[in-house]
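Participant: As a plain string of letters, each chain reads:
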Amino acid sequence: MKTIYDTIETVARDLYWTALKDIPDDIRAALKGGLDAERKDGNSTAEQVLFTILENIKTADEHDTLVCQDTGLPVYKVVVGTKAAVDIPELKSRIQRACERATVEYPLRSNTVHPLTRKHTGTNTGQGIPIIKLDFAPGSDCIEITMAPKGSGSENMSFLNMLNPAEGLRGIKKFVLQCIFESGAKPCPPMIVGIGLGGTSDVAMQLAKEASTFRKIGSSNPDPDVAALERELLDKINQTGIGPQGLGGTTTALAVNIEWAHTHISHNPVAVNIQCWRGERASARITADLKVTYGNGGL
Amino acid sequence: MADYKLQTPLSEAQVRQLRLEDTVTIDGTIFGIRDATQIRIFDEGIAPPVDLTGSVCLHTAPGVRKLPDGRYEKICIGTTTSTRMDRFVPGLVEQYGVRAIVGKGGVLEASVQAMQRAGAVYLAIVGGAAALETLQIEEIEQVWWEDLMPECLWKFRVKDFGPLILAIDSHGNSRYRAIQERAAARIAAFEL
Numbered sequence: 001m002k003t004i005y006d007t008i009e010t011v012a013r014d015l016y017w018t019a020l021k022d023i024p025d026d027i028r029a030a031l032k033g034g035l036d037a038e039r040k041d042g043n044s045t046a047e048q049v050l051f052t053i054l055e056n057i058k059t060a061d062e063h064d065t066l067v068c069q070d071t072g073l074p075v076y077k078v079v080v081g082t083k084a085a086v087d088i089p090e091l092k093s094r095i096q097r098a099c100e101r102a103t104v105e106y107p108l109r110s111n112t113v114h115p116l117t118r119k120h121t122g123t124n125t126g127q128g129i130p131i132i133k134l135d136f137a138p139g140s141d142c143i144e145i146t147m148a149p150k151g152s153g154s155e156n157m158s159f160l161n162m163l164n165p166a167e168g169l170r171g172i173k174k175f176v177l178q179c180i181f182e183s184g185a186k187p188c189p190p191m192i193v194g195i196g197l198g199g200t201s202d203v204a205m206q207l208a209k210e211a212s213t214f215r216k217i218g219s220s221n222p223d224p225d226v227a228a229l230e231r232e233l234l235d236k237i238n239q240t241g242i243g244p245q246g247l248g249g250t251t252t253a254l255a256v257n258i259e260w261a262h263t264h265i266s267h268n269p270v271a272v273n274i275q276c277w278r279g280e281r282a283s284a285r286i287t288a289d290l291k292v293t294y295g296n297g298g299l
Numbered sequence: 001m002a003d004y005k006l007q008t009p010l011s012e013a014q015v016r017q018l019r020l021e022d023t024v025t026i027d028g029t030i031f032g033i034r035d036a037t038q039i040r041i042f043d044e045g046i047a048p049p050v051d052l053t054g055s056v057c058l059h060t061a062p063g064v065r066k067l068p069d070g071r072y073e074k075i076c077i078g079t080t081t082s083t084r085m086d087r088f089v090p091g092l093v094e095q096y097g098v099r100a101i102v103g104k105g106g107v108l109e110a111s112v113q114a115m116q117r118a119g120a121v122y123l124a125i126v127g128g129a130a131a132l133e134t135l136q137i138e139e140i141e142q143v144w145w146e147d148l149m150p151e152c153l154w155k156f157r158v159k160d161f162g163p164l165i166l167a168i169d170s171h172g173n174s175r176y177r178a179i180q181e182r183a184a185a186r187i188a189a190f191e192l
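Keeping their order, the protein sequence lines are chains A and B.
Numbering-wise (the numbering used here), the first sequence opens with residue 1 and increments by one.
Numbering-wise (the numbering used here), the second sequence opens with residue 1 and increments by one.
Rather than coming from a laboratory, the hints here were simulated on the basis of the structure.
No residue lacks a Cβ here, since even glycine has one placed at the ideal position from N, Cα and C.
If a hint is listed, it holds; no wrong ones were tucked in.
To give an idea of the chain A side of the interface with chain B (calculated C-beta under 7 Å), a few residues:
1) Val49
2) Arg109
3) Ala185
4) Lys236
5) Gly241
6) Ile242
Working from the sequences, and respecting the hints, build out all of it.
Facilitator: Below you can see the structure in the form of structure tokens.
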């Protein structure tokens, strides 16, 4: 008899493939908006780049192939309902198994190596991989899984600065703009800029990843001050002229998303994590009676 | 701004005529190289087992399936960030005669100067657009250094590979440099 764990394993495997093939609707819409803007502004190279990106997405749809060759490091965000009857260590081990199966059965390029010896594991799994971020939903009997294959070009553009409180908001803005300048053409712009404010150093980085990789484009932070900073930074980043693929244009970023936590009186942590234009993620919800609902980039 | 269709191998005259903003499409052969490939060539001092004179090199590590006869079938072939491998560019163009590097993200000043001295160019592909790129690669013709999988030295046969954007020419001009300089000035002028 099929168990909840069998369903988790199959769904987690399929989500890896879906995330690599099917670009979320919010990303598609933002890229199309970028193309229209560059066309209107007469930026012919930027227009050509965005046109190629959209053609590539269409080609992947038509041929049922991967959008990009970078199969990333697998990151799973799992929200377990407090009424869902699952054993968490078993859930984790099934998600690891799902990554191995996704890699071998497709076959996907495996990227996971030992950080010192650079020896390959060959399965896109290993010590600490896949990355599984667990959270809990009160009262629910469902399990929600979102998968993001985080590519290296954008992930290499990760930054942390424990600023002084006296540097304030101005220091935060200055640091973020420096990060964008340093990233330049490297993370495959137009990028999604994730910013984590507050917490301890590790929390700030995790918030930045949540912001870059798991939040939809068009979503604003519920805190009005934070939302205002998102808008201001998006405007300024697009004024830099770095543009699609760093070849010039007004579409440097598709979104700036900020997540935050309270912090210490002596801290002013700012973390930046970039996501590339593909913004890949795929989601599914598994109910207690093993019904599965898939969402294009979110539920 | 002109469109060129070039057949490999490339001559110095062919690449010297190219100017920033030109677009290039390539037919013939392209070699795939990545971090580990170039660490072997330049840091371990092991010469590539094939003549790269006049060649086009692509910064890539493909996704492949090994067939029973030992050949490789393409699954997904795309482009990785060149900047990470910037320090190998002078060696590729000056020591091994590579005429064009296809990548994303660009390379830095010392490489721009080496390309000017040697007569080589940098062609920008759209990073992440691997579904299209895979269709433009007809076949994986040969592979060396399989122990570095997937960062082997690959030989691809290509047709209508592109369009690629001429982003660094062989006359010391870099579109990336110009855009970054402009961005630095604009950021400095922001009121924060």
